[in-house]
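Novice: So you can see what is in the structure, the chains are spelled out below.
Protein chains: 2
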Amino acid sequence: MTLQNKQILLAARPTGFPKGSDFRLVTTPVRPLEEGEVLVKAIYLSVDPYMRGRMSEEESYAAPVALGAVMTGAAVGVVLDSKDINYPCGTYLAGEFGWQEYFIGKAASLRLVDPDLAPLSTALGVLGMTGLTAYFGLLEIGELKHGESVVISGAAGAVGSIAGQIAKLYHCSVVGIAGTEDKLAYITEELGFDAAFNYKTTRDYSAKLKELCPKGIDVYFDNVGGAITDAAIPLLNLHGRVPVCGQISQYNLEEPELGPRWLHHLIIKRAKVQGFLVRDFAAKFPKALQQLGQWYGEGKLKFPEQIAEGGIEAAPAAFIGMLHGENLGKQLVRIAPELPSPALMQ
Amino acid sequence: MTLQNKQILLAARPTGFPKGSDFRLVTTPVRPLEEGEVLVKAIYLSVDPYMRGRMSEEESYAAPVALGAVMTGAAVGVVLDSKDINYPCGTYLAGEFGWQEYFIGKAASLRLVDPDLAPLSTALGVLGMTGLTAYFGLLEIGELKHGESVVISGAAGAVGSIAGQIAKLYHCSVVGIAGTEDKLAYITEELGFDAAFNYKTTRDYSAKLKELCPKGIDVYFDNVGGAITDAAIPLLNLHGRVPVCGQISQYNLEEPELGPRWLHHLIIKRAKVQGFLVRDFAAKFPKALQQLGQWYGEGKLKFPEQIAEGGIEAAPAAFIGMLHGENLGKQLVRIAPELPSPALMQ
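Heads up: the protein sequence lines correspond to chains A and B, in order.
With the first letter of the first sequence counted as 1, position 167 gets the number 166 in numbering that gives the first Met the number 0; the numbers rise by one all the way through.
With the first letter of the second sequence counted as 1, position 56 gets the number 55 in numbering that gives the first Met the number 0; the numbers rise by one all the way through.
To be clear, the hints were calculated from the coordinates, so they are not data collected in a lab.
Where is the CB? At the ideal position from N, CA and C, for every residue including glycine.
Incorrect hints may have been included.
Residues on chain A that point at chain B, a partial pick, calculated with CB under 7 Å [unchecked claim]:
id, residue
1, Y60
2, P255
3, G258
4, L262
5, H263
6, I267
7, R269
Here's a subset of chain B near chain A, in silico, CB distances under 7 Å, partners left out [what the hints assert, rightly or not]:
id, residue
8, V243
9, L252
10, P255
11, R260
12, D279
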């Protein structure tokens, strides 16, 4: 019996927020393995803001997903069949599987995961690209120093929630910005943020930031862009830094938004605004993962996650909900149960 | 006979472009020197875009000039009287004299100038803050590398004209942007820029930059801000850099201008936008001046300057003209003849 692979394809390029009809579910037979390939069964799929960019035609740092192609995305799973002696059946791997139940390809492009060290889902989160993004954004691009004043937008999201905790480990004063009262409570009460405010119910971001950051802002970790960023930049301290991690407020706009010009503030404050992608730091991943793993093991990094049930079919709705800010922390989709039964192992 | 000092005071805070009535000429008697002070007779005064900021009430990196106070500004001059044995009469000094004929104060805040090494006016230009601003902006903030693609706005101005020549010394491809055909001819034919365009007669800055920078932009040296900057940022190459030196297009606006948001481009390109002030590099001035002096001595750095005649009374018009782009290179005002007669030495 040939194994059937459910896949989510990009059916249409969205205008504004993506909708269900922009995706299409198909079932295709799994092809036989070639020499050196592995067959990996996905267990968790990660849905992230950057994927919105890949759905657009415009060239970005990566090519857009072609219409009719499998949506791009990272997942963690287990090897079901292998023609690579280095990756036998039962090996856990994480990497760019795409939105599908089974991945076939070379294991060299994937990353080994030890399921005994930490829960499997952390390979997509605190001990994966999410944690690394927060780590390098804050420490390398943000040049974070002990005791500084830090503001994080998208603070209850996957990256923001970890960035805030790392800043607290550096004894910083940390203000988070999020969009629901539950998120504010979570990041202040559970994650240790010093203060937080709700961008949906706060009228004057500038006044609120001034109130919560009486000493100004040394590092503004930008996940969202737009009006929140406009308010944060003029409050930067001398030699302030703005790691630009994401611009989720802008991804679903049908028309580009205008905003106030603020480059003169960068001169006055001799401040730096710098975009980054975590993959540029690949050479430093092992050391960073060691540090993140240590913090995680010591219980110093909590990792909120939300897992959508329902298999690969649930991915589009989970993704769209995440873009609307419905997630607290990392948004995952459970593609298969964590412990596959022997029957599933074929 | 008491020496009389003509001074230009800030009479009113300008709305939009400054006008003559925003300044007031007064004559005050020069007070006697105290121990440790020098009396310096100004020879050249420098008028620069940053002074527009000091005329506004808004706090910037330096306090605003108070209404009724002497306008701030750098000059070079000669010691006429001294109660500091380290700075005898005849010593040449440069520094923050203000817009006046005579400066009285401690010499320690000023910089010694050797009039035999280079023309006196270069102490305010290529071998002074102007040259240092171009040098540190391009090499430290801009992290310029040999052979890169460089775009310079305000290219025929004091800083821009030197920045472009330094980039050429680094074998870069250099495109300048300026506002008259004479300026374009000067920077391409005299200063060696590879190409240039007129922002007043070019409709589509983005198309023009694409045409002149077929390999994209590695460093955009920003003196002007506004629509030129909007066009340059999306054309940055991977790991592009934007040293923000000035924003002259914005200084005289009566209402803040809106512009397209472009932070997503910084993520895509992992690019950096960083403001700076030359004074932050003070510890490195001696080494930089040595390099600039060497290039200048070898004839590798031309230093265009325009000298307004008419004494201190001519400063407001020269300043306003500079803000309107009437200058080619450095705009100076001759406050007194270069070789004071013995009679003037009292």
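Novice: Against chain B, run the beta carbon of H263(A) and see if the smallest gap drops under 7 Å.
Specialist: Cβ of H263(A) sits 5 Å from chain B, so the hint holds.
Novice: Would you settle whether the hint for L262(A) is holds or violated, based on the nearest Cβ-Cβ distance to chain B being less than 7 Å?
Specialist: Check passed: Cβ of L262(A) comes within 5 Å of chain B, closer than 7 Å.
Novice: The hint names R269(A) as touching chain B; please verify it with the least Cβ-Cβ distance against 7 Å.
Specialist: Holds. Min distance 5 Å.
Novice: Please verify that hint: G258(A), Cβ, nearest Cβ of chain B, below 7 Å or not.
Specialist: G258(A) check passes; min Cβ-Cβ to chain B is 5 Å, inside 7 Å.
Novice: Regarding the hint that R260(B) lies at the interface with chain A, is the smallest CB-CB distance below 7 Å?
Specialist: Holds, because the Cβ-Cβ distance from R260(B) to chain A comes to roughly 5 Å (cut-off 7 Å).
Novice: Against chain A, with CB atoms and a cut of 7 Å, does the hint on V243(B) hold up?
Specialist: 5 Å, holds
Novice: Interface hint check: P255(A), Cβ to nearest Cβ on chain B, cutoff 7 Å. Holds or violated?
Specialist: 6 Å, holds
Novice: Using 7 Å as the Cβ threshold, decide whether Y60(A) counts as touching chain B.
Specialist: Y60(A) check passes; min Cβ-Cβ to chain B is 5 Å, inside 7 Å.
Novice: Closer than 7 Å between Cβ atoms is the bar; does P255(B) clear it against chain A? Give me holds or violated.
Specialist: 6 Å, holds
Novice: Holds or violated: is the Cβ of I267(A) closer than 7 Å to a Cβ in chain B?
Specialist: 5 Å, holds
Novice: Are L252(B) and chain A close enough, Cβ to Cβ, to be under 7 Å, as the hint says?
Specialist: 9 Å, violated
Novice: Hey, does the D279(B) contact hint survive, CB to chain A under 7 Å?
Specialist: It holds, given that the least Cβ distance between D279(B) and chain A is near 6 Å, below 7 Å.
The earlier numbered hint that this structure contradicts is number 9, and it is the only one.
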